[in-house]
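Chain residues, written in single-letter form:
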Amino acid sequence: MRAAMTGAIVAAVVGCGQDAHRGAVLAADARAGQAALYAYDCGVCHRIPGVAGAHGAVGPSLEAFGKRIYVAGRLPNTQAMLVRWIIDPPAIDPLTSMPAIGVDEAHARDMAAYLLSLR
Amino acid sequence: MQRETQSLSRLRKAAPNSLPRPDGELEALERAWAPPKGWRRLSAVNNTQVGLWYIGAALLFMLLAGLLALMMRTQLALPQNDLIGPTLYNQLFTMHGTVMMFLFAVPVVEAMAVYILPAMLGARDLPFPRLSAYALWAYLIGGLMFFGTLFFDAAPSGGWFMYPPLTSYEYSRGIGADFWLLGIGFIEISAIAGAIELIVGTLRTRAPGMSLGKMPIYAWTMLVVGAMIVFGFPPVIAATLLLEIERAFQWPFFIAARGGDPLLWQHLFWLFGHPEVYIIFLPAAGMISTMVPALARTGLVGYRWVVAALIGVGILSLGLWAHHMFATGIPQLSLNFFSAASMAVAIPTGMQIFAWIATLWRGNVQRSTPTWFLLAFFASFVFGGLTGVMLAVVPYDWQVHDTYFVVAHLHYVLIGGMVFPLFAALYYWAPLVYGRKLSERIGTWACALMFSGFTVAFLPMHLTGLLGMPRRVHTYQAGLGWDALNLVSTLGAFTLASGIALVFVDLALSSRRTRPERPNVWHAGSLEWLPQGAYGVRSIPRVEGQYPLWDNPALAPEVQSGQHYLPGTATGARETIVTSPIDASPQYLLLVAGPSWLPLLAGAGTAAFFLFLTVKLMLPAALGGVIALVACWLWLWQTDRGPVHAPVDIGGGITLPVYASGSVGHSWWAMVVLLLVSGTILSALVFAFYYYWTIAPGPWPPAPDTLPAWPWPAAAALLCAGSARLLRRARQALDRHAHRGLRAHLGIAALTSLSAWMIAIHGQWQAGSLATAHAFDASVYALLSYQGLFVAVVLIMAAYLLARSLAGVLDGIRRVSFEVCRLFWLYTLWQGVFVLAVIYGSAALAGAT
Amino acid sequence: MHVARSLIAAALAAGLTATAGAAEQSVHAPASAAAQSIHELGIAMYIGAGVITLLVVAAALVAIARTGRPVRAGWFVLGGGIVLPCAVLTLLLTAAIMVGDALSRTALAPVARIEVIGHQWWWEVRYLPPPAAGTELGRLLARLCGAGVAERARAARDDGGAVRAIVLANELRLPVGYPVEVELTTRDVIHSFWVPALGGKIDMIPGRVNRLVLHAERAGTFRGQCAEYCGGPHGLMGLVVVAHEEADYRAWLANQAEPARKPAGDLRVQGQAAFLRAGCDECHTIRGTSAGGARGPDLTHVGSRRTLAAGTLDNHVGTLAGWIADPQNVKPGNRMPPGKGLQGSELRALAAYLASLE
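Residue numbers (the numbering used here), protein chains in the order written: chain G, 1 to 119; chain H, 1001 to 1849; chain Z, 2001 to 2358.
Hints listed in this document are in silico derivations from the structure and should not be mistaken for laboratory results. Misleading hints may appear alongside valid ones.
What follows is a set of in silico ranges between Cβ atoms, one per label pair, in the way DEER data are often shown [what the hints assert, rightly or not]:
| no. | chain 1 | residue 1 | chain 2 | residue 2 | range |
| --- | --- | --- | --- | --- | --- |
| 1 | H | Ala1028 | Z | Gly2074 | 45 to 53 Å |
| 2 | Z | Gly2048 | H | Leu1845 | 49 to 57 Å |
| 3 | H | Pro1620 | Z | Thr2090 | 53 to 61 Å |
A few chain Z residues facing chain H, derived, Cβ under 8 Å [to be verified]:
| no. | residue |
| --- | --- |
| 4 | Arg2069 |
| 5 | Leu2144 |
| 6 | Asp2188 |
| 7 | Lys2201 |
| 8 | Gly2207 |
| 9 | Met2336 |
Don't be surprised by glycine CBs; every beta carbon is placed ideally from N, CA and C.
Please build the complete structure, drawing on both the sequences and the hints.
Right, here's the structure in full:
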């Protein structure tokens, strides 16, 4: 429910509907991702350039994330893998502290696009 | 106007002194006033030298506090920014407010007066030049150390208003709050020293003929401001004393659980805090009232109304402190009273504004940098005043109190009402220092940058506040509508800063091209534009109107050639004329103190004493205290010189003595002002004592069995009366030149005064009253301790008088030291009786009912 | 004339809200009669202040620009300085006193009483039995908030005692259309309670009880914030007020009065164990469990709250985990220690458990 609400907020913030995210498999909007990273409060745990208040130190800093070779030290850092990780981290690493916070796939794609653009 | 002036000058009496002047007269005057050279220059005490250092120091603190503001604005430029954390941010805003108010605004207005006022009054110097030097050094050294706490993470962080319990020992464990309380405590002392100087200077050293009705408005302003400092600063001195004692010894003045009340602090603080705003604004208004007629080349419209308005603001300002407390839940009826009183301030302020506009309307205005700064003043101050009226509307204040709306308002009033006029004044009076105007081109640019930066920074802040952003927050959430507004404000702040920087560039460039002469560049009518040397004017003019230079166009050459009063030095020392307070008729010749290291030493010692005390380094603190005491002793020892010269002919058939004792003397006046300050501090403490009565939930006094039986206070009071009687005997002995009798009576009187106090405090203690137990006990001990402080000073004074008598420099004629000490001593004794009556009389009455 | 004034007022208000974007904390987005009257007073004053400033500046400009002419001192100084301000101020003062008196008169019997206690840097919110249970809602509240001091003490003794109480943190819920009295006190330093949409602020002062009546006239979420500097992260002491229609409000009340839900599923059970093992119960209460700490917020229904850390974070499982792991980074200086010593999976489980306490 909360995720749906957050989704609505993101849509409002970015000013474009859900339709923009459909289409090609990996079509994504980095700017929408930037807003989504803010709306889902990812900054509580991560330092993310360009996202207000994102100076968390619980998880790794996401500065220059585009240069990273692996996601969470396990998955190759591709957009598809990153999307999988964002949606459900414990499914990939049962020991991780990062919870699945209910990000839907479209938002996850946008987030991944933004993160991969950080160099 | 012009025609009137000419006809007047044709009827004019001849100047008091004739030409030619004797050979060597000017040279002797120059020798007497020659400033010390090289590194000895630091020992200078002359107002033109000390005044400049004072202004420089105040501007330095403005720059430092301004840098803190820029750091805050950088942090707030973006939402949820983590550049500066709350710990540092809280220190920054506390220091910004404190330094701007205590180390910039009040000192700079006093500094300007120290520099300008004597020249404007036709005096050669202030009556107590060493006191101004002392005030400067204590302030500069202490202020720099206080600012330095920022670099050691030891700066206070309780806000400039220091509300307990946040600032009491339980919630502020560090020494930051102590730095604030002790540091500000002695800066208040420095401000009061300045006020005494200005009051006595204005009332007693005016040029002959300059009656109150002909006194420049600026002098009127500084007189009112001096009085406001005398009555406005004591509550905060009392409050800082109480809070520091609470922090150090756990006396619960502000701790609700032990009968105290945090709101008492707010009452005392704002009893000071609101007059403080006018203490800052009125001198600026006085400068405007001086600049506007000069720039418009016509006399001030409504001189009497403006004087009435000044006094009106002064009185009103003491009665509206609670408008800072509308949201504390105090009763509705008192809210309405304070609301009305706060709005009423708009009336005298409005009168001044319209008097200025009328003056501009009547004259042909010179278009120059000061004019532009005055325009900036009109635009911003009027708006700031009106948002102030909005804040006086109680329900509206409930919404916007402690939001950025108030931040915007107070910067409109303080920057608009004080900084813009101050910069106008810097450009206006700079020729007195540099011999030429500052750069018109740079000045115009600076004014444009400052005004636009100010507007961009602070106009949007009203909106930020209305959208709900509170003050004193180190960061804020994104998406509440505040983001863009804050970014804009930050840009404006940097623009404002660049404008200020430009002014300093201008000052620096001009200081390399100084000219010796001081042309009357604005064709102004007031005396500071007369040709002057280190000695001030060559001869002290006879004043016949509000604008002497306009009234008598020949005045400048007459004064410069020595045709007016006291065209040289009669005694070979520094001198100025003391005149009567109302009609300014000459009374005696004041021998002005010359250069000395003692004020610097005393100032440094005082600063060291307070600051080492804060960090609990007792030995260095004691050393500082001793240095200060010894320096003051030596300094005073040199003052009471007696009739060292036969009466002097100052011209115009007037012969003046060079020594005056009794109530005509300037030292006597200074002591009276000091006692007014002391009495006001006492009333603040008495206010606190009764305040606890009004808030007491149960019976009052809370524990009557811990009060002494009546013989204790009665004995103490009797001893006080006896001591006063002995003091009278001492004076009679002095009249008879009976030195032994004088010493004996002084000695016994001192012992009696001390024992009165010891009996009083012992009585309280033996009854089982503990200062840490309850706010009532704490307030009793506070009153008794305050009395103890005075008794300690009395003991030092007694020792000083005995020493003078033994040294043969105290007798029936050379007796000013005795009279001044006696005044203080008598005050102390009656204060003792009063304190006893208040404590034990009220307790008995309350117990009886 | 009147039409013109209301048009200007509407335009100004629109301007204010448009600049605002989200105006959750705006003085000019009133949701109560009190806030509405201050809003209107404000608009009138902005117009007055703007006009007077423009006139004075224009007069100064003209005076500087043109050549001098004789003036009548009385006309300027007395007319501009005394007559004009007296007239304007008398009007304003009358309006101010009328609005002020209307706001401070709390004639309506409040249907609910809420105790709000200020702490550095959060708000403890306790629903008290209403002063008069005249309405049906009042009777419901009287039944649900029966937990007086004695009952609270007993509940603390008998762990897991299913005493009914409604205790929140950093969040108030109000019924639309009913006046609610708020009793304001503090546990430490001075704070100030302020929800602009519902009216003015009032301080919370040691040794005193201040009262405020909130009367929401439309459903919605309103943000408030501590308005008296209280040290440390004073800027992160936010507050959410949610006004519900009566039916929703009753449902919400009934749920809040219940003890905490039992954890369902392995992850949440593991989370509850982690809660106790990490010592969270030292400071936090979860009614219906053994956790009875009183230093920090009551977490019985933490999952139903809108925000965490006093309005600092949206409340969801991710922010819960991040807040528990590193509260000092989110809100530097606050009293919550970092959750060191928790395994990554334990942190996740703990967050999941707390999120489930709706």
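Hints, verified against the model:
1. Between alanine 1028 of chain H and glycine 2074 of chain Z, the C-beta spacing of about 51 Å keeps the proposed range 45 to 53 Å intact.
2. Checked against the given bound of 49 to 57 Å, the beta carbons of glycine 2048 of chain Z and leucine 1845 of chain H, roughly 50 Å apart, stay inside it.
3. Between proline 1620 of chain H and threonine 2090 of chain Z the Cβ separation comes to about 60 Å, which falls inside the hinted range of 53 to 61 Å.
4. About 7 Å separates the beta-carbon of arginine 2069 of chain Z from the nearest beta-carbon of chain H, less than 8 Å, and the hint is met.
5. At about 29 Å, the closest approach between the beta carbon of leucine 2144 of chain Z and any beta carbon in chain H exceeds 8 Å, and the interface hint on this residue is violated.
6. Evaluation of the aspartate 2188 of chain Z hint against chain H yields a held restraint, the C-beta minimum of about 7 Å falling below 8 Å.
7. Annotation: lysine 2201 of chain Z was flagged as interfacial toward chain H, and the flag holds, the nearest CB pair being 5 Å apart, inside 8 Å.
8. Interface restraint check for glycine 2207 of chain Z: the shortest CB-CB distance to chain H comes to about 3 Å, inside 8 Å, so the restraint holds.
9. Residue-level restraint check for methionine 2336 of chain Z is violated (minimum Cβ-Cβ distance to chain H is 15 Å; threshold 8 Å).
Going through the hint list in order, the structure does not satisfy hints 5, 9.
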